[in-house]
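Chemist: Those protein sequence lines, which keep their order, are chains A and B. Each residue of the first sequence is one higher than the last, beginning at 1 in the numbering used here. Each residue of the second sequence is one higher than the last, beginning at 1 in the numbering used here.
It is possible that part of the hints are untrue.
[As the list claims (entries may be wrong)] Derived CB-CB ranges, DEER-like:
1) 230(B) to 76(A): 54 to 64 Å
2) 241(A) to 270(B): 27 to 37 Å
3) 1(A) to 195(B): 43 to 53 Å
4) 225(B) to 241(A): 31 to 41 Å
5) 161(B) to 225(A): 51 to 61 Å
6) 154(A) to 249(B): 29 to 39 Å
7) 41(B) to 154(A): 48 to 58 Å
8) 241(A) to 162(B): 37 to 47 Å
9) 31(A) to 225(B): 49 to 59 Å
10) 250(A) to 270(B): 31 to 41 Å
11) 195(A) to 225(B): 33 to 43 Å
None of these hints come from the bench; they were simulated from the model. Everything numeric in this text was worked out from a predicted model, so none of it was measured. Glycine residues also receive a C-beta, built at the ideal position from the N, C-alpha and C atoms.
Below are the chains, spelled out letter by letter.
Number of protein chains: 2
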Amino acid sequence: MIGFVGLGAMGMGMATSLVRAGFEVKGYDLNPAAVTTFAQAGGRAVRSAVAAAEGSEALIITVVNAEQAQDVLFGSGAAAAALPAGGVVVLCSTVQPEFARETASRLYDLGLEMLDVPISGGAARAAEGKLTIMASGHPTAFVQTEPILAAMAEKVYRLGDECGHGSTVKMINQLLAGVHIAAAAEAMAFGVKAGADPQQLYEVISNSAGSSWMFQNRVPHMLAGDFTPLSAVEIFVKDLGIVLETGKEIRFPLPLAAAAHQLYLMAAAAGLEREDDSAVVRIFERMAGVEVRSEP
Amino acid sequence: MIGFVGLGAMGMGMATSLVRAGFEVKGYDLNPAAVTTFAQAGGRAVRSAVAAAEGSEALIITVVNAEQAQDVLFGSGAAAAALPAGGVVVLCSTVQPEFARETASRLYDLGLEMLDVPISGGAARAAEGKLTIMASGHPTAFVQTEPILAAMAEKVYRLGDECGHGSTVKMINQLLAGVHIAAAAEAMAFGVKAGADPQQLYEVISNSAGSSWMFQNRVPHMLAGDFTPLSAVEIFVKDLGIVLETGKEIRFPLPLAAAAHQLYLMAAAAGLEREDDSAVVRIFERMAGVEVRSEP
Numbered sequence: 001m002i003g004f005v006g007l008g009a010m011g012m013g014m015a016t017s018l019v020r021a022g023f024e025v026k027g028y029d030l031n032p033a034a035v036t037t038f039a040q041a042g043g044r045a046v047r048s049a050v051a052a053a054e055g056s057e058a059l060i061i062t063v064v065n066a067e068q069a070q071d072v073l074f075g076s077g078a079a080a081a082a083l084p085a086g087g088v089v090v091l092c093s094t095v096q097p098e099f100a101r102e103t104a105s106r107l108y109d110l111g112l113e114m115l116d117v118p119i120s121g122g123a124a125r126a127a128e129g130k131l132t133i134m135a136s137g138h139p140t141a142f143v144q145t146e147p148i149l150a151a152m153a154e155k156v157y158r159l160g161d162e163c164g165h166g167s168t169v170k171m172i173n174q175l176l177a178g179v180h181i182a183a184a185a186e187a188m189a190f191g192v193k194a195g196a197d198p199q200q201l202y203e204v205i206s207n208s209a210g211s212s213w214m215f216q217n218r219v220p221h222m223l224a225g226d227f228t229p230l231s232a233v234e235i236f237v238k239d240l241g242i243v244l245e246t247g248k249e250i251r252f253p254l255p256l257a258a259a260a261h262q263l264y265l266m267a268a269a270a271g272l273e274r275e276d277d278s279a280v281v282r283i284f285e286r287m288a289g290v291e292v293r294s295e296p
Numbered sequence: 001m002i003g004f005v006g007l008g009a010m011g012m013g014m015a016t017s018l019v020r021a022g023f024e025v026k027g028y029d030l031n032p033a034a035v036t037t038f039a040q041a042g043g044r045a046v047r048s049a050v051a052a053a054e055g056s057e058a059l060i061i062t063v064v065n066a067e068q069a070q071d072v073l074f075g076s077g078a079a080a081a082a083l084p085a086g087g088v089v090v091l092c093s094t095v096q097p098e099f100a101r102e103t104a105s106r107l108y109d110l111g112l113e114m115l116d117v118p119i120s121g122g123a124a125r126a127a128e129g130k131l132t133i134m135a136s137g138h139p140t141a142f143v144q145t146e147p148i149l150a151a152m153a154e155k156v157y158r159l160g161d162e163c164g165h166g167s168t169v170k171m172i173n174q175l176l177a178g179v180h181i182a183a184a185a186e187a188m189a190f191g192v193k194a195g196a197d198p199q200q201l202y203e204v205i206s207n208s209a210g211s212s213w214m215f216q217n218r219v220p221h222m223l224a225g226d227f228t229p230l231s232a233v234e235i236f237v238k239d240l241g242i243v244l245e246t247g248k249e250i251r252f253p254l255p256l257a258a259a260a261h262q263l264y265l266m267a268a269a270a271g272l273e274r275e276d277d278s279a280v281v282r283i284f285e286r287m288a289g290v291e292v293r294s295e296p
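Between the sequences and the hints, there should be enough to build the whole structure, so can you do that?
Modeler: Right under this line is the structure:
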């Protein structure tokens, strides 16, 4: 039996991937509609984090941030106390590495294991069971959860025997991803203002040394003017916030991450926080009176 | 007959590619040693820009910046006046789009054509005749120079009938390339400071959404601690300077390009201006007392 807390865009896909792989999964979310949807997909609906944890060999947590994860395990959720001895908490939320380390230590004191398992790949790959997982934790926890991770992920990176390493690598990935999307927005809007054709600019840069994974992936959203949130502006307000908070704590200056974070905050301030992260381009568009759109 | 001015790391490879393709090429550089090397590779050595221009159907200019190009054509070089009527100036230097437009107009008044042809790909691809060319200019100039461009480049993007468009696209490419190298440095050094293994970090990010062309290409230099200049810090001091100057002129704010430019200036201030651009990581290394190196 597996417990699952957090049936959002990523969690729902992951939980239903587990059901499809033959696991019995108890799913809980604050939003009752998500729980109902999960039950219709073959999962078992439960009404609390405690109920998800009771009798489960593993409890997978995909809530949005550290505060919620903390609350699920030790606060109002009280799930840690409900897990059977030897149970494994699989923490998938993007959190500060220090939070992952501290949480693992606290669970260990309760006779529980933890894996620090940030995920990457987006909602579509989550639904297909084809995520990338950046995992660290004790080898016995890996042995216990190997088939569970395999059902959710196409690629599992094992990044060490201690919790925290997974979150560190994920944090660095988010730093770069966040900077690259903001840079793509700045560059495309600047190019259009300077007289370039947006579609041509996209095609040439995509095949040149200025390209990035995010440039190739997000600029088409800008060209189409389609800001349907596949991953929202507020995710980078949060994730670059984690980056900068960690930088402050370990005394590491991050001028590019800080500048990019300000751009996502500008987008959020302009009411775009729930739009796709590529909507950061609209800040430049509004300031400079241009539009990064290609002809249909 | 082709004239060629500027036999540096890029120009030498391009000029010898032309010789190899069967063109007769007169080469000039301020540095006599470079001219001698070119003569040994089968080119014709000349002692001035005027001599390179005289009787040439095309004059290729690969000097380092707009000031030098200006001087070659209209200043002490006086090459524009020496070109035969209908000759084409092929301007390959990375310059502000406005400079390319103005120069084309000035040459046109003298009965000459110009192509705005910034190049990309590095010295190794220049030597192989496999550059990427971002070209704009009048169609007749393209017809006249088609076999010349084909001998130097694997890929020729035609970006419009007016000079300036090529330089705009190149400028945007340099904005992104410069930001991505600086972001790679910031991210790798931060990751190591936060406890990640540098080699593992490189491998995971290379295959994740945080990757960029520059991340994949430059981080190996950091991991090896090999800052032999394939492209130097001072190139981005210059090229992001062009980006920011243009931004100022057309009133476009560029927070990420500006932050990255400051990092290259920090590297230059620390005496690293002639090292590889990936040496920008050493600024972070020195500040934070870490080293982004993998075991050999």
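Chemist: Now tell me if each hint is right for this structure.
Modeler: Quick rundown of the hints versus the structure:
Restraint check, residue 230(B) to residue 76(A): a C-beta distance of roughly 56 Å satisfies the suggested window 54 to 64 Å. The beta-carbon spacing between residue 241(A) and residue 270(B), approximately 30 Å, falls within the hinted interval of 27 to 37 Å. Between residue 1(A) and residue 195(B), the C-beta spacing of about 34 Å breaks the proposed range 43 to 53 Å. Between residue 225(B) and residue 241(A), the C-beta spacing of about 32 Å keeps the proposed range 31 to 41 Å intact.
Under the hint 51 to 61 Å, the C-beta atoms of residue 161(B) and residue 225(A), about 28 Å apart, miss the expected range. Checking the proposed 29 to 39 Å range against residue 154(A) and residue 249(B) shows it is violated: the Cβ atoms sit about 48 Å from each other. Checked against the given bound of 48 to 58 Å, the beta carbons of residue 41(B) and residue 154(A), roughly 50 Å apart, stay inside it. Here the CB-CB span from residue 241(A) to residue 162(B) is close to 44 Å, well matched to the stated 37 to 47 Å.
For residue 31(A) paired with residue 225(B), a C-beta distance near 51 Å keeps the hint of 49 to 59 Å intact. One distance hint, 31 to 41 Å for the beta-carbon pair residue 250(A) and residue 270(B), is violated here, with the actual separation near 22 Å. Judged by the Cβ atoms, the range 33 to 43 Å given for residue 195(A) and residue 225(B) holds: they are separated by roughly 42 Å.
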